[in-house]
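Colleague: Can you build the whole structure from these sequences, using the hints too?
Protein chains in written order, with my numbering: chain E, 1 to 349; chain S, 1 to 373.
Take a look, some chain E residues computed to stay more than 12 Å from chain S by CB distance:
| hint | residue |
| --- | --- |
| 1 | K42 |
| 2 | S191 |
| 3 | I204 |
| 4 | L211 |
| 5 | S232 |
| 6 | I339 |
Far from chain S, by Cβ distances over 10 Å, these chain E residues were calculated:
| hint | residue |
| --- | --- |
| 7 | T50 |
| 8 | N56 |
| 9 | E63 |
| 10 | L207 |
| 11 | V229 |
| 12 | I245 |
| 13 | W295 |
Taking lysine to aspartate or glutamate pairs in the DMTMM-like style, the calculated list, with each CA pair at most 20 Å apart, reads:
| hint | chain 1 | residue 1 | chain 2 | residue 2 |
| --- | --- | --- | --- | --- |
| 14 | S | K102 | S | E84 |
| 15 | E | K315 | S | E90 |
| 16 | S | K66 | S | E149 |
| 17 | S | K45 | E | E287 |
| 18 | E | K52 | E | E127 |
| 19 | E | K315 | S | E84 |
| 20 | S | K102 | E | E140 |
| 21 | S | K45 | S | D92 |
No wet-lab data here; the hints were simulated from the structure. Backbone N, C-alpha and C fix where the C-beta goes; we use that ideal spot for every residue, glycine too.
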Amino acid sequence: MFRDRKTLLILFGLPIAQILLFGFALTNEIKNSRIVVCDYAKCGISRQLTEKFAANNNFIVEEALLSHHQIEDAFRSGRIKLAVVFPLDFEDDYQHLNQAHVQLIADATDPNTANMLTAYATNIIMEYQNLSLPYQINTETRMIYNPELKGAINFVPGVMALVLMLVCVMMTSASIVREKEYGTMEVLLVSPLNPFMLIISKAIPYLLLSLVNLIVIILLSITLLGVPVNGSLLLLFLISILFIITALSLGLLISNVAQTQQTAILVSLIGLMVPTILFTGFTFPLENMPVVLQWLANIVPAKWYYTIVKSIMIKGLGFGAIWKETLVLAVMTCLLLMISFKKFKVRLE
Amino acid sequence: MKTLIFLLQKEFKQIFRNKILLALIFIIPVVQLLIFPLAADYEMKNISIVVVDHDHSPYSRKLISKIVASGYFNLYASAGSFEEAFRFIENDKADLVLEIPKNFERELVVEKSQQLFIAANAINGIKAGLGGAYINRIIVDFNTDVRLEWIQPERFNAVPVIQVTSSNRFNPGMNYRFFMVPGILVFLVTLVASYMCALNTVREKEIGTIEQINVTPIKKYQFILGKLIPFWVIGVFVFTVGLFIVARLVYGIIPLGSITLLFAYLAVYLVAMLGLGLLVSTYCQTQQQVMFVMFFFMMIFVLMSGLFTPIESMPAWAYVIARCNPVTYFMEVIRMVVLKGSRLADIRLHFIVMFGFALLFNLWAVIHYKKTT
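Modeller: Put into structure tokens, the structure is as follows:
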């Protein structure tokens, strides 16, 4: 395995790259959005509001007097995402009717962005008014486990699950099938080597590799991203080893079934990656999904592992809180191993 | 020319001989195209809330029923104390805890101001942020109701007020699927096409049949074209099925813009991505290497393409990387053409960039591919 430098490089580089990406580059917040302010009113208030928009670092403001048709064109070319329109009689209405209107037009191609931009803009306008009225209910909100609302805290356990799962499955399935393809498998089977020993000897290097990866990920998360490990590190490692064995068993199963490396790789990758990304729960919340899919998610081992890691790392809970999930993982592993051993043909047909 | 035709025949025969692979290419993307958008939903619903009501007054009960009636929240339980409620957060049974203090109603009427306490499980920052925002909105609404009970509303506002009206263009239903499905289609087509191409080429290297091809008078470019074209056809096919069958029938997505334009861009895009696959395969000796190297690139490309998270929100260094990423451009193009009906003039830059990538990857692959080792 150490002879294959390129793969080794990728195996170590991948978790690092993912942590860097998820930690720093990928975020659901909306920043640096280009908006256009169409100020037909040109009065004191509209100028002040425009300046407030420009001062806010979520927005990059462009001032132009565009018609609705032109605004649509600007959306279409991707130049801007939101238009703020102050109508001509803004000042008049404000002074005489005590009520003026501002129009926000958002490009809803990405509904999330549109929602957030509209909310930001509305907030700015509301804050500017700053009314304080009698019978005021104030709320004090406390964010638990993640007071700074860091996206990394949600992502890191998910990345751990994803990387461990994918690497283990891909590597075991590909390597066993490769021996089948090359024909070296026959040689090994003919030898007095116990087939179980054979499989274990394939699995152990990847187990160790994955542990190293795990350590790297945790180190990076603590130092670069500021994600804490609030619970017991030992417990985390033990459960991780269990999860790695689960993933390796899955790889084993795939390698038993696949005839060529191509199939093994494509099944592992295309068949496994998307469900793992989706159903673990770290990209999209599981509660949002239709119930059918939520049930499906229970089959994905990574989902259980993700819950366990969150409980240990972020909430700092002990074994008592996660024994159920651990049991599920253990049962899955046993099932997978049993099926693989049954299917493993000592003689190749 | 004839050589090329023979090569193509051989490639297609080989591909179709592998039935499992065929099933993989067509079934898995379709299945994932069906499942993915169903699952990919950032809209927050079913937020579990636990209420600790120390007041038990008509006002507190009204507030609670208003929260439940909003449709965003599920009242999971009523707890007697904050500690009890907190345990629900620990067990992941509740996302939010609302604590209403004792004498809430009385104090609000007499003192004219009161405080409510909210605690949110912020591991998922977005969920906590949005959940907090929703509940605040409901509380503000409730606040206005209470206020109107006690103060006569004036015909004109006592103080000038700015009203904000907002409207949404191109996707008034705010349907997140419209945004995700084209993006996922791009993702899947990219994955399938470039992976298969790369794997296929390296497989020949691994098995050794590439040596046999190398000793023939087949020219480099003929060989490369022979590898490109079949997978280009497959890529176009998968895209067509995805767009016209799955997207239209299941999601009701009908491209607003010119379909010819879309396919023209797809054609160039596929050449670029297949070129990348070929390039990678010229550097690798085994299928396993290809698998991992391509995986590495694909992961980064897809995550940085703006599929899930917007590229404008990235820090400057990441934004530069995103702009050097071919997938980003197609991601933008497909969303622009399908959802907004953008025209050629709008995506001129994207075309130029993609031509550049196609040229770069393929030339590099041709130059690097040596017939003799």
